[in-house]
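Residue numbers for the sequence shown follow the working numbering, beginning at 51 and rising by one.
Wrong hints could be hidden among the right ones.
With a cut-off of at most 30 Å between alpha-carbon atoms, the simulated DSBU-like pairs for lysine-lysine come out as follows [claimed, not checked]: (1) K351 / K200; (2) K180 / K200; (3) K309 / K345; (4) K200 / K184; (5) K184 / K266; (6) K278 / K309; (7) K180 / K309; (8) K282 / K184; (9) K92 / K180; (10) K282 / K200; (11) K266 / K200; (12) K309 / K282; (13) K180 / K278; (14) K266 / K351; (15) K92 / K200.
Please keep in mind that the hints were generated in silico from the structure rather than gathered at the bench. Just so it is clear, the structure is predicted and the values come from calculations on it, not from any experiment.
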Amino acid sequence: PNYYNNLSGWDGTNIFYEFTNRAVPLIFNIRFNISNNYEYYKNYNSTQTYGFSKYNLTNALIYFSNGSVACSDISTCDNNINITLTPNNASYVLDNFNLTEGVSRTNSPITLTGNNNQKSVGSTLTEGIKVATKINIQNCDIDYIFAIGKTYSPSYWTCDSSANVLTFNLDIPAGGTTLTIDYDTYVPGTGDGGITPPTLNPQSILTSYPNEWQQKRTVQVNIEIRNKDGEKYQPTSLSFNFNITGITFLEQNYNEELKFYENFFEVTEEAELGDNSITVFANDEKTIENQITFKVVPFDKDSPYEPPEPPTPDKITWKDWVQDNLW
């Protein structure tokens, strides 16, 4: 048999190892290049599954030809990792991996491109993965970063103002995501006073939901967004930030007639009893937030769940009348 440990690289072309299990051969095609730093393994057998171990890894990206990953969080893919190759499946190992804008990595399934306001993260993986990421920005005065299904606040990142580079752990869903960077638009004045910032949308978040969330039930949360004129409207996006075991966000619908969001959360029996909170973000010309606070209580079959009442329509304004009758 052939073994290697603490391998830092070798100089040359592709190297092939063939291992034999009785009469069944297993061929590993191992590629390692000092500049590109990747390894490639393939199980050419059509019936047998084989496993082996990689040693002394640090933040390794390990993925397979079917798009699955060995570690869903690269920061945990350290030290010794067991790799299982199913029939005709292959694996890439990219040690010391991070996603850096402007830097490409050979055989990386993840790409990052964009400008100072928006980034496009591509992924050929079929599973989500968390990756240490560095993006180029206009400046460090950022309120939020919006991604698909997740909102990042300043507590999530570190920012180097000398290089205008922001570093954070990015959750990348299968197929990729888009990052929208929300910069602080307020510019302080000098002398006797400051420059009054313009009034931007949205202005307020109104919520309606039960104070107690029962285990093993689906809970509805109604949310209205008001603009600078105090009217209901639909912002660019409405998102949530929470990490509560046993509670999952299911879906979001926008009621065009009554102009409010219907949001549904699943509370499983694994949800821990007690007080919890979820942060809701409304994003448009600026980003505002509000808290959904509730208490998880045990399931009670004799206490049926009653969804919150939908909001009542606003009184018609002259703007609505003109739009409905003259346009």
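Practice task
Would you pick out the hints that fail for this structure and give their numbers low to high?
Solution key: The structure breaks hints 1, 5, 7, 8, 13 and 15; every other hint is satisfied.
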